[in-house]
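Here the protein sequences come in this chain order: L, P and G.
Heads up: the first sequence at position 4 corresponds to 4 in our numbering, and the numbers run straight through without jumps.
Heads up: the second sequence at position 44 corresponds to 44 in our numbering, and the numbers run straight through without jumps.
Heads up: the third sequence at position 2 corresponds to 2 in our numbering, and the numbers run straight through without jumps.
The set of hints was computed from the structure by calculation and includes no laboratory data.
Being a predicted model, the structure only gives us computed values, none of them experimental.
Please note that the accuracy of each hint is not assured.
[To be verified] List of simulated lysine-lysine pairs, DSS-like, C-alpha gap at most 27 angstroms:
(1) G:K35 to P:K24
(2) G:K163 to L:K132
(3) G:K18 to G:K129
(4) P:K299 to G:K299
(5) L:K37 to G:K313
(6) G:K163 to G:K178
(7) P:K2 to P:K163
(8) G:K313 to G:K2
(9) L:K35 to G:K24
(10) G:K72 to G:K37
(11) L:K2 to G:K24
(12) G:K24 to G:K163
(13) G:K116 to L:K72
(14) G:K178 to L:K72
(15) P:K2 to L:K299
(16) L:K2 to G:K299
(17) L:K2 to L:K162
(18) P:K72 to L:K178
(19) P:K299 to P:K163
(20) G:K163 to G:K232
(21) L:K299 to P:K35
(22) P:K35 to G:K37
(23) P:K72 to P:K132
(24) G:K72 to L:K35
(25) L:K35 to L:K132
(26) G:K132 to P:K299
(27) G:K37 to P:K313
(28) L:K299 to L:K24
(29) L:K232 to L:K2
(30) L:K72 to L:K132
(31) G:K299 to L:K132
(32) L:K313 to P:K35
(33) L:K162 to L:K18
[Said to hold, decoys possible] Which chain P residues face chain G? A few, computed with CB under 8 angstroms, are given here:
(34) Y28
(35) N45
(36) L48
(37) K56
(38) N69
(39) G74
(40) I251
By construction, the Cβ of each residue, glycine as well, lies at the ideal position given by its N, Cα and C atoms.
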Amino acid sequence: MKLFTSVHDVPNVDELVKEALSLKTDPYALQHIGKNKTLGLIFLNPSLRTRLSTQKAAMNLGMNVMVMNMDKEGWALETRDGVIMNGTTVEHIREAAAVIGEYCDIMGLRSFPTLKDREADYSEDIFNKFIKYSNIPVVSLESATRHPLQSFADLITIQEYKKTARPKVVLSWAPHIKPLPQSVPNSFAEWMCRAEAEGMIDFVITHPRGYELAEEFTPNATIIYDQDEALKDADFIYVKNWSSYQDYGKILPGGEGWMLDLERLKITNQAKVMHCLPVRRDLELSSEILDSAESLVIKEAGNRLWAAQTVLKNLLTSL
Amino acid sequence: MKLFTSVHDVPNVDELVKEALSLKTDPYALQHIGKNKTLGLIFLNPSLRTRLSTQKAAMNLGMNVMVMNMDKEGWALETRDGVIMNGTTVEHIREAAAVIGEYCDIMGLRSFPTLKDREADYSEDIFNKFIKYSNIPVVSLESATRHPLQSFADLITIQEYKKTARPKVVLSWAPHIKPLPQSVPNSFAEWMCRAEAEGMIDFVITHPRGYELAEEFTPNATIIYDQDEALKDADFIYVKNWSSYQDYGKILPGGEGWMLDLERLKITNQAKVMHCLPVRRDLELSSEILDSAESLVIKEAGNRLWAAQTVLKNLLTSL
Amino acid sequence: MKLFTSVHDVPNVDELVKEALSLKTDPYALQHIGKNKTLGLIFLNPSLRTRLSTQKAAMNLGMNVMVMNMDKEGWALETRDGVIMNGTTVEHIREAAAVIGEYCDIMGLRSFPTLKDREADYSEDIFNKFIKYSNIPVVSLESATRHPLQSFADLITIQEYKKTARPKVVLSWAPHIKPLPQSVPNSFAEWMCRAEAEGMIDFVITHPRGYELAEEFTPNATIIYDQDEALKDADFIYVKNWSSYQDYGKILPGGEGWMLDLERLKITNQAKVMHCLPVRRDLELSSEILDSAESLVIKEAGNRLWAAQTVLKNLLTSL
Chain L
1 MKLFTSVHDV PNVDELVKEA LSLKTDPYAL QHIGKNKTLG LIFLNPSLRT RLSTQKAAMN
61 LGMNVMVMNM DKEGWALETR DGVIMNGTTV EHIREAAAVI GEYCDIMGLR SFPTLKDREA
121 DYSEDIFNKF IKYSNIPVVS LESATRHPLQ SFADLITIQE YKKTARPKVV LSWAPHIKPL
181 PQSVPNSFAE WMCRAEAEGM IDFVITHPRG YELAEEFTPN ATIIYDQDEA LKDADFIYVK
241 NWSSYQDYGK ILPGGEGWML DLERLKITNQ AKVMHCLPVR RDLELSSEIL DSAESLVIKE
301 AGNRLWAAQT VLKNLLTSL
Chain P
1 MKLFTSVHDV PNVDELVKEA LSLKTDPYAL QHIGKNKTLG LIFLNPSLRT RLSTQKAAMN
61 LGMNVMVMNM DKEGWALETR DGVIMNGTTV EHIREAAAVI GEYCDIMGLR SFPTLKDREA
121 DYSEDIFNKF IKYSNIPVVS LESATRHPLQ SFADLITIQE YKKTARPKVV LSWAPHIKPL
181 PQSVPNSFAE WMCRAEAEGM IDFVITHPRG YELAEEFTPN ATIIYDQDEA LKDADFIYVK
241 NWSSYQDYGK ILPGGEGWML DLERLKITNQ AKVMHCLPVR RDLELSSEIL DSAESLVIKE
301 AGNRLWAAQT VLKNLLTSL
Chain G
1 MKLFTSVHDV PNVDELVKEA LSLKTDPYAL QHIGKNKTLG LIFLNPSLRT RLSTQKAAMN
61 LGMNVMVMNM DKEGWALETR DGVIMNGTTV EHIREAAAVI GEYCDIMGLR SFPTLKDREA
121 DYSEDIFNKF IKYSNIPVVS LESATRHPLQ SFADLITIQE YKKTARPKVV LSWAPHIKPL
181 PQSVPNSFAE WMCRAEAEGM IDFVITHPRG YELAEEFTPN ATIIYDQDEA LKDADFIYVK
241 NWSSYQDYGK ILPGGEGWML DLERLKITNQ AKVMHCLPVR RDLELSSEIL DSAESLVIKE
301 AGNRLWAAQT VLKNLLTSL
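Make a model of the complete structure from these sequences and hints.
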């Protein structure tokens, strides 16, 4: 593996999940492979789970880690080419990325979308430039359109907790008061469609009309607009808010009543409930579910560690 | 030791001080006990001494350390239960604490009081929730009401520099222009009352009327309102400002003239002067004392390292 | 080496460059010398290259590293003596430096000039106080008047890429929209004058009138005000903006047209182009040069690592 920015970098997700579960049983067995290798974690946006889990994963593999909050410790980067830099940006991404590449063996990068300009966000311009100019393997710590370490951890969690060979997994839209990126649901859909193609799960997406994800992330996915209908017989419900892709970055009317609670859970096959976190209690998801045995959210967050460690291991062995 | 949030977590302070002084003579002897163990240092407020000394202490024991300034790198946490999270808080302390518990073996936590709501501050709600939901051992890096690593370092310093078997230690209030928490004096009083009970010292508190600390922190303590009377025959003077507990968080009239200077030091038994730092020169304590051989403030700060290392060692061996 | 704040701390720059180039061929050979030694990196101003390269250099030598962004994680330091601290500063540099010295074996420090008060900036008061009160070896990560790790990396780069025994090196002023410190050109001039004295290079400075550097940094340097004349036969051009030293901190008229482009490069002896970064594209230096094979800026940034590692190695062996 030379890069980890989407499911397309993974030849076989079933194999990768098996590797993660194996590594989880013996976390420190591979400490020699990271010796004298340095991971640079570059954040253009805040992070809790991603930062701690990826830092810990790298240390488990014997790596050195350098964390750089560019948005706070550094300065504004210019991302456009061909502009005279006489404004507020201090350094061009071409130099910044290349310099980080000089000091690090692998880079982790987080860069959120603007939610203002769909074309710009979905071009993944900043991410692609970091990859191009750094000249080292890059791990996505969430980009404008994807969060693959999260989706990988989600699939690990589903494999751990499934009670049938091929569980039904439902991605269920949830309300929020702020417009959120589509990166987590895009990525989750992309991974689940792949898992479905590999025969691991059945996948259904449910959301109010107008919240359709970009088609490239939902190949052959079943979309059911009636939430109750979609949740029927579900084994796992993945709760997540996102803003509209069509009416880009907007919150649309019609999302009232979509919050999952214990009553609605009765429709399902005693489904386990997942969420990538952070979650707004009693807005996105009811406290009664979060505090119940049905919630997997903490186990899921815990699996971020093994997802990151498996990815770093594969990148290290390809250096 | 499963927790370190107050002197009540310590069976015997004399033993703990002896352990610290022993460890100081051979700092790297126990590097194997922290191998593959991770300390998460979570700061909800700024820190210099506490951060550096605790990070260094953990590294001396072979631990990995992850520092997270939640107030700057993260986002606002909701601490109340039963509220719909449709405001400015992004994540509930229940999830945030639990997630940190997934990645760390031990957590260090700093969370200051508001100084607005005494009941809320003194309930130690945030701290108790972090302890409850993280499900891992927690070390206080200063809470709303206590700073036990500081007090432990203070007692180590007193043991190192005492010239008599049972020195007289005076906690002496000092002026300040801002209302400061009671956490350092609360904790110091609590530790000194224990040290007195164990026969290590004699303890006296002096402050203007109205600055009485909460009684739970000063069991059987001698309070003398006349500063000169209190300082008589003192071997150690612990200088510290705090705001009123009774008229909560307020600066009261009557504190003028309480700053310690060399002239007033003559009353004492050639007392050594201590302060937890940061200190405002010539407001809380005179420069002439700080720059004299009577000042122990830097040695005291240095002992923060051994206090932290001793506590981490005890937590590690109880994992 | 007990200190690294300027070229004056270096007995022989040719030897130091040779040591760096040797160390570059075997970066991890000396990991034992940093074991259980701690480097504290204290930033009073932002940093990208300096932070990452110095942190990595220390880890290559087996050191522990603690990074502290005092400007963001900490609080305002008082630097003046004899003032009553009843204002906005929370801690005096005397205590802050001494405390850091208790926890660290070596300190790296960054502190920019104000560009308001020349006498204060050029007194290097903050730096000298950190050195005096910390009582440990200090490495400059850029001070008010110098950036010696940058200049050392520059000289390493010149040695690596020179095609003649004694190349001609030209420091060429460049335009900018903001007043920048003189620290990089001061330091570069100081190192190049020394390299010239040791027979390694020939050195010329070119800038508009009014941008003369302080004489102490340019002993025996050749200053040519006509840029084209200065660039003739140049083997290396070091492009850098700085504000006026005479009319302190000001941008003077007359800098138009000083930006280097490929056309002007024809005057030279196929010169390689250097810049310390960050660089404002098409304002300080043309994109066409930065993206061409003539640019050494990324290699130069890469050499920051070996400069830092060589300096730390020398400080460690003198502890």
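Compare the structure with the hints numbered earlier in the document and write down the numbers of the violated ones, lowest to highest.
-> 2, 3, 4, 6, 7, 17, 24, 29, 35, 39, 40
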